[in-house]
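Engineer: Residue-level listing of the chains:
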Amino acid sequence: MHIPDAFIPIYQGAIYWVIALVFVFLAVRWAKNEMNEEKLPLVAVLAAAIFAIQSFNLPVSMGTSGHLVGGALAAIILGSPFAAVFILTMVLIVQGVLFGDGGITTMGANIINMGVIGGFVGFYSYKGIKAATKSMPVSAFIAAWLACLIPALACAVEMFIAGTFPLMEGLVAMGIYHAIIGVIEGVITVAAIYLIMNVRPDLVDNGVKPVKKVSAV
Amino acid sequence: MMDNRTFLIVGLVISLLVGCIAVFMASSDPDGLESTALVVQGDKTLTGAAHEDAEIHEVTEGRFSYESPMPDYALGEEMGSAGGLVAILAGTILAFLAVLGLVYVMKAPGKSV
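Protein chains in written order, with my numbering: chain X, 1 to 217; chain V, 1001 to 1113.
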């Protein structure tokens, strides 16, 4: 759902940029406070992995394809929605500047959709569903699915404000496509959490167990 | 348990492998946003495939435009898959280094990372 420059008038893009910068500022502050030599490798690897996997479009039927966005994954694993803002911002800068995937004037909107909305929806729905179901895979799957669907609907509203899509048609199409793409988001998010929990259980801040200090082997 | 350095290397290698496979296997169908644009302009039904040569009509007047150095994750037609590989590997490594670099700069004054 990377919005290209042509889809939003410059002045609206500027407004989204201003809002995005507030969250980027908070995300940088999160990184400054939270980053230590244990977490830094995880954040760097997640940025690389999310970049790589975002280039991997999978067919989702109906002549459409989609890929993991990664906002829920980053927020759940690192235990903060600002982790998603931080990582997605870095990925979107590389994608937009080097590859023209997502525009420059629209980068603010893309940061808001995938980083901020994706991260916050992913993180808080994970927390809520986890409290109710006590199940990591169930909560992570639903949280990731929502973290794909809700940003897509937000994107449809932005496209309406920009005069690019009619409201209902945009909401229906964006909603249907991303409800299916969200299944990819859910499966990969759960798999990635399992994978990382297996090799470095101490790094995963997902409320499954208290973080233990493990002495060096 | 994996130490930090091993985790970093294994994680980066897995990411690079995913990127390499993506160059050959990724679907070239339009993504959700592009599909919606095609539906809206009447070149695609909601559940059907778009025409082979359907293109998204982009408004360019009054909109910013930017020529990226590696558009569409490739180095141009003549480079083919090799260009795609270079582009994806460069992007993956850059995303990785950007985080390390930014955190290094942020933490630089007096504090150890």
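These are calculated hints, taken from the structure and not from any lab test.
Be careful, since some hints might not be right.
Unchecked claim - Restraint-style ranges between C-beta atoms, simulated for each label pair:
id	chain 1	residue 1	chain 2	residue 2	range
1	V	1067	X	38	26 to 34 Å
2	X	137	V	1104	42 to 50 Å
3	X	61	V	1108	14 to 22 Å
4	X	161	V	1003	25 to 33 Å
5	X	160	V	1066	44 to 52 Å
6	V	1079	X	138	19 to 27 Å
7	V	1058	X	21	42 to 50 Å
8	X	124	V	1001	23 to 31 Å
9	X	36	V	1045	47 to 55 Å
10	V	1067	X	124	33 to 41 Å
11	V	1005	X	166	47 to 55 Å
12	X	133	V	1055	22 to 30 Å
Said to hold, decoys possible - A few chain X residues that don't get close to chain V, going by computed Cβ distances all over 12 Å:
id	residue
13	21
14	39
15	80
16	100
17	127
18	132
19	135
20	138
21	205
For each residue, glycine too, the CB sits at the ideal point set by N, CA and C.
Engineer: A separate judgement is required for each hint: does it hold in the structure or not?
Structural biologist: We went through each hint and held it up to the structure:
no.: 1; hint: V:1067 x X:38: 26 to 34 Å; in the structure: violated (41 Å)
no.: 2; hint: X:137 x V:1104: 42 to 50 Å; in the structure: violated (35 Å)
no.: 3; hint: X:61 x V:1108: 14 to 22 Å; in the structure: violated (49 Å)
no.: 4; hint: X:161 x V:1003: 25 to 33 Å; in the structure: violated (49 Å)
no.: 5; hint: X:160 x V:1066: 44 to 52 Å; in the structure: violated (24 Å)
no.: 6; hint: V:1079 x X:138: 19 to 27 Å; in the structure: violated (44 Å)
no.: 7; hint: V:1058 x X:21: 42 to 50 Å; in the structure: violated (26 Å)
no.: 8; hint: X:124 x V:1001: 23 to 31 Å; in the structure: holds (30 Å)
no.: 9; hint: X:36 x V:1045: 47 to 55 Å; in the structure: holds (52 Å)
no.: 10; hint: V:1067 x X:124: 33 to 41 Å; in the structure: holds (39 Å)
no.: 11; hint: V:1005 x X:166: 47 to 55 Å; in the structure: holds (53 Å)
no.: 12; hint: X:133 x V:1055: 22 to 30 Å; in the structure: violated (45 Å)
no.: 13; hint: 21; in the structure: holds (15 Å)
no.: 14; hint: 39; in the structure: violated (9 Å)
no.: 15; hint: 80; in the structure: holds (15 Å)
no.: 16; hint: 100; in the structure: violated (3 Å)
no.: 17; hint: 127; in the structure: holds (25 Å)
no.: 18; hint: 132; in the structure: holds (29 Å)
no.: 19; hint: 135; in the structure: holds (25 Å)
no.: 20; hint: 138; in the structure: holds (24 Å)
no.: 21; hint: 205; in the structure: holds (15 Å)
Figure legend: structure checked against the earlier numbered hints; hints not met, in rising order: 1, 2, 3, 4, 5, 6, 7, 12, 14, 16.
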